[in-house]
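Go ahead and model the full structure; you've got the sequences and the hints to work with.
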Amino acid sequence: MSDRMLTMAEAVREAMSIAFDERPEVFLLGEDVGIYGGAFGVSGDMYHRYGAERVLDTPIAELGIVGAAVGAALSGMRPIVEIQFSDFTAQAMDQIANQAAKIHFMLGGALHVPMVLRTPQGSGTGAAAQHSQNLEPWFASVPGLKVVVPSNPADAKGLLLAAIDDPNPVIFLEHKLLYKIPGRDPVPEGATRIPLGVSKVVREGKDLTIVATGIMVNKSYEVAEKLAAEGISITLIDPRTISPLDMQPVFESVEKTGRLLVVQEGPAQAGFINEVIAQMAGSSSFGSLIAPIKRLAGMNIPIPYAPQLEKAAVPQIEDIESAAREIVKNWR
Amino acid sequence: MSDRMLTMAEAVREAMSIAFDERPEVFLLGEDVGIYGGAFGVSGDMYHRYGAERVLDTPIAELGIVGAAVGAALSGMRPIVEIQFSDFTAQAMDQIANQAAKIHFMLGGALHVPMVLRTPQGSGTGAAAQHSQNLEPWFASVPGLKVVVPSNPADAKGLLLAAIDDPNPVIFLEHKLLYKIPGRDPVPEGATRIPLGVSKVVREGKDLTIVATGIMVNKSYEVAEKLAAEGISITLIDPRTISPLDMQPVFESVEKTGRLLVVQEGPAQAGFINEVIAQMAGSSSFGSLIAPIKRLAGMNIPIPYAPQLEKAAVPQIEDIESAAREIVKNWR
Amino acid sequence: MGHPLSSPEHARHALLYMWRIRKFEEAVEDLFGRGMMHGTMHLSIGQEAAPTGMCMALTLQDQITSTHRGHGHCIAKGADLTRMIAELLGKKIGYCGGRGGSMHIADVETGNLGANGVVGGGIPIAAGAALASKMMKRGTVAVSFFGDGAMNEGAFHEAANLAAIWKLPMILFCENNGYGMSSSTAKAFAIDDLADRGKGYGIPGVNVDGNDVVAVYEVAQAAVDRAKAGEGPTLIIAETYRWKGHSRSDKNLYRTKEEIEEWRTKDPIPKFIARAIEAKLLTQEQCDAIQNDAIEAIKAAVNESVKAEAAEPSGLLDAVFKAVTA
Amino acid sequence: MGHPLSSPEHARHALLYMWRIRKFEEAVEDLFGRGMMHGTMHLSIGQEAAPTGMCMALTLQDQITSTHRGHGHCIAKGADLTRMIAELLGKKIGYCGGRGGSMHIADVETGNLGANGVVGGGIPIAAGAALASKMMKRGTVAVSFFGDGAMNEGAFHEAANLAAIWKLPMILFCENNGYGMSSSTAKAFAIDDLADRGKGYGIPGVNVDGNDVVAVYEVAQAAVDRAKAGEGPTLIIAETYRWKGHSRSDKNLYRTKEEIEEWRTKDPIPKFIARAIEAKLLTQEQCDAIQNDAIEAIKAAVNESVKAEAAEPSGLLDAVFKAVTA
Ligand SMILES: Cc1ncc(C[n+]2csc(CCOP(=O)(O)OP(=O)(O)O)c2C)c(N)n1
Ligand SMILES: Cc1ncc(C[n+]2csc(CCOP(=O)(O)OP(=O)(O)O)c2C)c(N)n1
Ligand SMILES: [Mg+2]
Ligand SMILES: [Mg+2]
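Protein chains in written order, with this note's numbering: chain B, 1 to 332; chain G, 1 to 332; chain Z, 1 to 326; chain P, 1 to 326.
For the record, the hints were derived by calculation from the structure and aren't laboratory data.
All of these numbers come straight from a predicted model, not from anything done at the bench.
All residues carry an ideal CB built from backbone N, CA and C; glycine is no exception.
It cannot be assumed that every hint is accurate.
Cross-link-like lysine to any residue pairs, in silico, SDA-like; alpha carbons within 25 Å at most [what the hints assert, rightly or not]:
1. P:Lys307 / B:Ala312
2. Z:Lys137 / B:Ala52
3. B:Lys311 / P:Arg255
4. B:Lys329 / G:Ser283
5. G:Lys311 / G:Glu222
6. Z:Lys244 / G:Ile290
7. B:Lys206 / G:Ser284
Only some residues are given here: those of chain Z computed to face chain G with a beta carbon under 10 Å [unchecked claim]:
8. Glu87
9. Gly117
10. His246
11. Ala319
12. Ala323
Given below as structure tokens:
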């Protein structure tokens, strides 16, 4: 393995570039993905390397461009469509949920939609309520979409390569705070794929199982390392793809630890992470639980602007730490 | 109390008419709500009774008309906007989730959006995947929206009156199979309101708690009556508003029954009903559970067309019955 | 294909396909009436010339997207009648295996990317198909059929602009039947001529009598030529009328009996028969035989479909995703 | 208000508000540069004449919806500078109590329904405000400010058509600064004249030099008169230019230095000063004093805001819904 430390923006760009080199039918379209290099710099120099035909700048028209991606996907291409902020998938939900997600099933398998929709999500940039959402429940609740939430550059690269290969529509949700920071692990060279639908056990422990997604994986990892020093031993599981969701490692872990903490950035209410809880609460591992399942998630509020408010709105490391400590201490 | 048995379409029309009579600022807009009387006949003769200015036919432009409702609501009116099928809220999600839901908070309370969005949802009419969805997770996961799912005409009337009074945006999801059937209870005359955010205990029992929404309340009721004869005694709770969600009666009931079955028509994965499970699994009543929490929900598939397939896709009475029986028998 | 009046075969094709559509719709109405069909139905009786004329300007490789009122497009593009009826009856051999029904029939072999239950939903998809054609240098065109009502959806706007700026080989084909459900174009538009919509995008807008299959073919062929020459999209507004209600629940409260009657006199089928006979391409007898062929074809399709095996719920879960092959 | 050249007071107002916008934006840039502000910023330096001219045709009761680049609209409509700066600094006294920031400032008292982080998001909202005005016979007009880029969103299309068919008292005011982020109008449109978009809706489209506050006022006043007379909406295309990058991350790779320099010579402020002096409404000295007034007003606003109490997280949960009163 190499020891290349990339940021997530670099890893995503590398995955796209590999796919571009492998297959002529892969192309990228979106607002300002061309000479501007993408609002978050993800496409970067791809416009210069691959030209305006494969790195296609679009007008500001999310419904139209996702629809165009769907139509191109039906016709032999493999579009990657970038939506500048995941909040603006709201404009494109018809093409995402009513068209892309349903076409294969509804048409009796006659057609399929090999499309990847990449979009940055999450808070922390001071961009307020319309630019900071985590809309996982919108996508994860729609049968026919695969939904990926990478938590680090190496996974992002491998998962994106698999997503581009996939014959089905994949929603790829990149946390914008992860774009500029390198991961803990090096990013392998070459076209190493990570299959969709396989959870990753990030670390193992015996007192508590934490399931976290996206940026919360990093925060939970820090907590796990810190609490290890205090003798609290934590298993951390990152589902990586929230649809399809691989619960097996969670069941197995909870059977050992008896305690479960689930963490996401988006609002608690009707949040994606409830799916983890529902599957757990309905499973045969249920009897292993010695504590109520603890859910730590964003407040049920739109993301506020001012930094001190924005921070309060989503789980911070200290919140995870105290939640973890509390469960282990209170339930023995 | 009167003994008027109305259908849900009649009850909704009655509530709108009362609000029209009470307040000049209430109006209805939507596709074909005028002379056509609404795609499901809900507005019926209101066009003739109130005129084209207050029962406003629109072009086919869901984003525009919801946006117009938002703007009118900001400017002193109280619009009721009808979207012909809830599937087409997909077109309007920006105005629903990014505008209506967030304006009050995001603008620091300067403005508010007293708007009701009424829309039929659900399967059972042979209209296939793009006309049959239950999109509760989309709305319930967005802070700033209130979400109502009435299960019978009397509740629909009282809840809609409260929704129109509410200074906040309310999504009102009417199951289309309920439109034409009378409820079990008579619909009171006059302007009786039912406050949003109060769950209803439909019947009480001691062996099992069922939480069901919308049309599943009726199906669960039948099951409860039937199983009562066999000595299985069931508490049935209808949250009525899924956001805000009133869990208190659920906690209290589960403390008595020790068993929980949650039922919804929409797909299980990331479904709204998971919120009930998550709150239960994290609550102090958790220890009262003697059985894993059973979730009964739609298959994770788009709704298929053919009647035999469509039926298989969502919980039927027999499914609820066998789930209920199984929990009670297997967990003692 | 070619011009409907360019040879007896072409004339026969035009007439046969219009009859097929008409007779298909009548059969559907009948099956619904007899309770053998489920769901709803959107009939295009009276509108047969528009898809027939448009599709005669296309090859099998050219693509279309269609609408809730899509039987005509599907038939005109060449779909198999049995698989269509079978779909409506929820049979395994139906185009969607019973999963889609009337609003989702697609036929990959004839380039039909599918009917669509969402008004306007197919327009951006057709733009994407046209984009793929351009990127892959396939030399094909993508036609989006839609109604007058769909033109007020954002989807129309965004797709039209994409087609214009990228000079896509696309045709925006509006079947203007005067109503979007109960909304007349007079109420839903503040312009008299829907073709003016093209001006906002830099797309030529053409009006045509949508009940004249010859006229429709001619504007369609010009638009196809333009698209294939790399000159970009055309907006075609074909004026037509639906004789039947919007769907089963329609009580026709928003229009007059007189209006319906008047349009019935503009029936596209006798209009073309007269032209074809006048041009000495077909005789009255041949025309009658063609009508009969269509009737027989639909009957056979219904009979076969009725007998076919019903779709089964097993396997639905596996049908959501296309399997990933390594 | 009235015509910028109709009196010394009017001339002073026009100049003062353009300076206020300019100096506000400079202050914002400075505060960001010094790390005192959070998030991003969209500056409208160079575009001051458009909102100033438009808003001089409005009363306090007339409403506007604004954009991500909304400081100018907000100031031109009459908002309090301190509460604006305070919002950007996340202070309790800010317009949104620190919850909204630059992209969500609204000011009910001056009829500003809010900036909007969503491109095109405010256009249907303005149509709704105009609808309310019409239904309530308030006699007011609603103006939606938006950029050239927003015109390709479905929201523009659907709202424009509603305004047209319902003859709403609305003005669709496009600040055409030539770019939507990095997309030039040449790339994003296949028409040369954006005002042609009006033709598809039956809405008159008017072009104006957006850097000439007098010319903007004149077309704006005509549109307001038309709207208030019940004749429906007008689309105004005001040609202007943003001197600064789209936002903080912009490296200006999509345009040339020469282009930026050329537009700097078309600065709306000296242009108006020359007109006002020529018309003998203001002297050079008075003009200098006005500039100074603006500078002082902004300084005072910054000073007061910096000292103000920060917004606190407590109470956020209760701020989501407006309380229901029985
Ligand atoms: C997005 C969306 N909105 C509303 C509907 C309900 N609906 C189905 S067909 C129709 C009328 C469509 O009118 P038009 O486009 O003119 O086609 P026509 O029915 O006249 O063929 C409506 C409103 C829908 N299917 N999709
Ligand atoms: C729906 C939506 N899509 C994309 C964006 C990201 N974005 C913010 S401003 C902008 C450019 C807008 O261009 P224009 O409307 O011309 O306004 P200008 O910035 O030139 O004032 C873009 C793409 C957004 N905020 N909203
Ligand atoms: Mg029509
Ligand atoms: Mg611009």
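These are the hints, each one checked on the structure:
A C-alpha spacing of about 22 Å is found between Lys307 (chain P) and Ala312 (chain B), which places the hinted pair at or below 25 Å, so the restraint holds. Between the alpha carbons of Lys137 (chain Z) and Ala52 (chain B) the distance comes to roughly 16 Å, so the proposed pair stays at or under 25 Å and holds. As the CA atoms of Lys311 (chain B) and Arg255 (chain P) are separated by approximately 37 Å, the hinted pair breaks the 25 Å bound. Distance hint between Lys329 (chain B) and Ser283 (chain G) is fulfilled; the C-alpha atoms sit about 17 Å from each other, no more than 25 Å.
Straight-line distance between C-alpha atoms of Lys311 (chain G) and Glu222 (chain G) comes to about 18 Å, which keeps the hinted pair within the 25 Å bound. Our distance criterion of 25 Å between C-alpha atoms is broken by Lys244 (chain Z) and Ile290 (chain G), whose separation comes to about 59 Å. Our distance criterion of 25 Å between C-alpha atoms is met by Lys206 (chain B) and Ser284 (chain G), whose separation comes to about 24 Å. Annotation: interface hint on Glu87 (chain Z) holds; nearest CB of chain G at approximately 8 Å, less than 10 Å.
Residue-level restraint check for Gly117 (chain Z) holds (minimum Cβ-Cβ distance to chain G is 4 Å; threshold 10 Å). Hint status for His246 (chain Z): holds, given a least beta-carbon distance of 9 Å to chain G, under 10 Å. Because the beta carbon of Ala319 (chain Z) sits about 7 Å from the nearest beta carbon in chain G, less than 10 Å, this interface hint is met. Nearest Cβ of chain G to the Cβ of Ala323 (chain Z): about 15 Å, over the 10 Å cut. The hint is violated.
Going through the hint list in order, the structure does not satisfy hints 3, 6 and 12.
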